[in-house]
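Chemist: Residue strings, one per chain:
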Amino acid sequence: MNELDYKIAGDRGILIYFGGEIGPETFQRIRLFNENLLKSNFPGVKETFPGYRTLFISYEPSGTDYDTLVYQLKQLAQNPPSREYQKEEVCFEIPIVYDGPDLPMVAKLLNILAEEITQRHLGDKYLILLTGGAGGIAYFKFRDKLFDLPRKKTPAFIATDGAVGFAAGIGSAGSRQPQGMKGKTSGWWFIGRTPIRQWLPDRDPPVLIKAGDWIRYKRVDADDFDRIAQEVDRGTYELHVCKT
Amino acid sequence: MIEILQGGFFSAVQDNGRYGYRKYGVPICGAMDLYALRVANILVGNPEGAAGIEVTLGGLKLRCTKDALIAITGGDLSPRINNESIPMWTALWMRKGDILTFICLRSGFRAYIAVKGGIDARFVMNSYSPLLRSKDAALKPGDKLKIGEKSAVRMVKLQPLPDQYVPDCKDKKEVRVVLGPQDDYFTSEALEVFLNSEYIVKAQSDRQGYRLEGPVLKHTRNADVVSEACWPGAIQVPGDGLPIILLADAMTTGGYPKIASIISADLDKMGQAKPADKISFERVSLGEARSLFLVKEERIKEIRRIFWGAQ
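Protein chains in written order, with the working numbering: chain Y, 1 to 244; chain V, 1 to 311.
Extracted from the complex, chain V is given alone in its bound form (with noise of 0.2 Å):
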């Protein structure tokens, strides 16, 4: 068991996202980044999408009821075992009675805590996440986490990641799109704006959208399309020409221009990225996506193959 002492500035349980549900207007939800859950799940043997703690900013408190193997991985907030720092990604066992913290942020802005046997949460809808308009979304204190003991663990290296596989969190964020479906609504200098520019992430930003401060991006008509599906990644335009940039717990639907979308390799970073960061976006084509995807998949193959063996 996992007793929350502290919810912090934002914690919640996360998984991999729920999927098959948007035709009912249900959001993905899942880690904001997931490279990072999964590379923790790995480390301590769990399956990928086994659910871990999402720590956004700090604040989080709490302590465990007996032996559980852990690992942190995602933006660094200071983790501390009973006061003493202790490493990111790598497997480590926390003792009975041993309290967690995360003092305070010094890169990104999210925390993955995976347990061995992964949080044993409310499931519905085939996903541990919360429900975006769900009371119990925000850990709080007195919340008891019971710990699986379901799900195929496998025997792990307790070995740290090797840096190679460690992504570097900077406050300057260069993310690279594909154009589309609406970038025919935008004027010919609006898209070289786009591209071209810093924008900086507003402090109304969070697992929903992040609004973006920067130039202004002109329509050639009006900003209004009907209503159509949205997905994480997407870039929309509003009529006030400022983008937001829609994330995990993005609405299923809305009516504004996208002009590009966040290519799915690129998107963990977004989930580091906190208010006041700079973002830029470069074009890429869809096969350079696709290639930039596998390439990163095939990493987190590698990391398996370090932690869990010949498989």
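One chain only, chain Y, in its complex shape (with noise of 0.2 Å):
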């Protein structure tokens, strides 16, 4: 088991890192401390956000300070309350079109025909590590080394909606954008399109797919893409749970 690091994250906040691989196996680590933490109702403890390695506390400095917290954060580690993480485990399958504009580049640039880039994108499943960034993108760590390729040197205007990309091993679920927005500027590999809407500002959660839930992505072609895309727009789309 590897020892946890504390630092400090501004006057009003700590971050603990766990060591390990970003991974399901660290992100369990993380979720069981979350949980045990959570339950603990320790004074002053804000809100807490769980990271690929990381776990962020904020806390009030009115209620506590940062040694109290680190010293009860440390004994909370020693004798956790629970040592299981339970989470029935949800696969969803999340429609996608292979057309997207960085797929002849991938493929020119890893010497590997398009196809097999498509063939090995769907031949797993992804745990979802963490929502975030702007508005809840649902994050996720490849095990096939094909997706490690680094970002663009420059990052580039993406017109896609629903752009499905990776880049350096991490890749996400992918989301039309919000009503109003077209496009925007990444380094990121965009290789599909999806019809979903990941980011729902008027739900509680304000996401669809959520950390600790799996993904595998399920081929369709431009026409389904359009069909799925109005059903979701009338609200009459439901995720279709994987059979395996």
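Just so you know, the hints here were simulated from the structure itself, not pulled from any lab data. Don't be surprised by glycine CBs; every beta carbon is placed ideally from N, CA and C. Please note that a few of the clues may not be correct.
[Unchecked claim] Example chain Y residues on the side facing chain V (calculated, C-beta under 7 Å, incomplete):
| hint | residue |
| --- | --- |
| 1 | Arg12 |
| 2 | Gly51 |
| 3 | Pro201 |
| 4 | Pro205 |
| 5 | Pro206 |
| 6 | Asp224 |
Need the complex rebuilt from these two chains, each delivered in its own frame; the hints are there to steer you.
Modeler: Given below as structure tokens:
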């Protein structure tokens, strides 16, 4: 087991660093710690926020101080009330059309066929590790090293709505953009597009796919995309749960 | 009702922020100068977290459709009612049909309007502050804002805020910081430079963050960290070595090393910083930061006692 590292994160925050690879195992250690922390009701704790390999804790300086809280956290790490992270695992099917603007370039850079990239993208299921960035983007880590390709040297403008991409081993479920937003500038490689909407500001929680959910991509064609997009906008589309 | 006649440079409804949703990627938002909004609310008898209007730079023009008790605090943007200058940091009545304008910037960058009863805007995820990407964030001509009636309002003394509670807004800002969590990503020379230089606020600065111009800070290794939590006040340094101060609308995660964070007691000062202002950083300990925070909170309690009487 890796030692936890506690760091000052401003005058009202603590970042706990969990060693180890980014992925399901570290995810579960952080989540378990977070659940135990929330059950402990330490005074002054305001909000917690699990990351890829960190847990961010914000506190009220009027309710506690750094040293007190770190002491309590270390005690908690030694004697956790619960030692097992239990969550029902759900896997959702994310419809995708593989006609992203960067697919030919990625194929060229990796010197493989575009079809192999899509097959390998379809070939695994992914654990959502966190929702963050600007508005609930659902991030995961690839096991397949193919997707370790570093970011573009210069971020580029992408007009594709619902673009699904990756960079440096990280992917995101993808989402069409909020109405009124057109395109984005990003260093990621976009290989496909999905008709779903991940950001649901009128709902609580405001995201469709949450950290802890699994996803698997399902190939659809451009007509399916349009049909599903309409259903999503009418509010009649339900994500399919994966069969396996 | 408040009718917006002109939105100005950027004006928006803000309260004291949105907590509990960062784990979904939702920024805290809220007033950039929380002290100013909280005091404005106290002056009109509102709970401190009631929604008010944040006016950036100026240009806002609005009309009241009924009598309303208001207070204006924060930066001096030359507030006028029916073209007559009005005092700031005091509660005063706006009569039905009166027009409030903010003509030009005299000091600071953001003014706050509190209205007795609070602004009853769209309440999303436990806050009246608009979501970063919502289309209706900026007030525009034709917008109508309801004045709340439900919030517990108190009787207040209509008197100006004593001078010692009015912050001074200088163009040169000295802000205090605690180092970390990635100060070890920088050379010791870079830390010296950071703490002993003057930086200038660039034009590309907004509620998400302030970009600074000044001496470059050298990293000891690469400028990438695994994406992790960000918070208002965090000072991140990307590969080009120029610091960016994250503020109220900051993204919840980011992958640049954070050399330090502005302490809570000094964040309001940043809310009053405008492009071309000078910023310098002074290092304090976590203990000092906490004391300064508690002193500031105590001052707000004193203001409450003055205006609301014994509680």
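Chemist: Which of the listed hints are broken here?
Modeler: Violated hint (a single one): 6; every other hint is consistent with the structure.
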